[in-house]
Amino acid sequence: MAEKEQALEVEGVVTQALANTRFRVQITGG
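The working numbering runs 136 ahead of the 1-based position in the sequence shown.
One thing to keep in mind: the hints can contain errors.
[As the list claims (entries may be wrong)] Across the chosen pairs, the derived CB separations fall in these ranges: (1) Glu-139 with Thr-164: 25 to 35 Å; (2) Val-161 with Glu-141: 15 to 25 Å; (3) Gln-162 with Glu-139: 25 to 35 Å; (4) Thr-164 with Ala-143: 13 to 23 Å; (5) Ala-143 with Gly-165: 25 to 35 Å.
Hints in this document: simulated from the structure, not taken from any laboratory.
Positions of the beta carbon are idealized from the N, C-alpha and C atoms, including for glycine.
Assemble the whole structure, with the sequences as input and the hints as a guide.
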């Protein structure tokens, strides 16, 4: 288990806004 959160940085376009400040994202180049 990781002791701290790791950030994953990607480029993409938000396609849908979901509940609880979450988003569906289309990732480019993937």
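Okay, the hints, checked on the actual structure:
1. Separation of Glu-139 from Thr-164 is about 31 Å and conforms to the stated range, judged on CB atoms against 25 to 35 Å.
2. In this structure, Val-161 and Glu-141 meet the distance hint of 15 to 25 Å, their C-beta atoms being roughly 18 Å apart.
3. At about 32 Å, the CB distance of Gln-162 to Glu-139 agrees with the hint of 25 to 35 Å.
4. A beta carbon spacing of about 18 Å between Thr-164 and Ala-143 agrees with the range 13 to 23 Å that was offered as a hint.
5. The given range of 25 to 35 Å is broken by Ala-143 and Gly-165, whose C-beta atoms sit roughly 18 Å from each other.
In summary, the structure is inconsistent with hint 5 from the numbered list given earlier, while agreeing with all the others.
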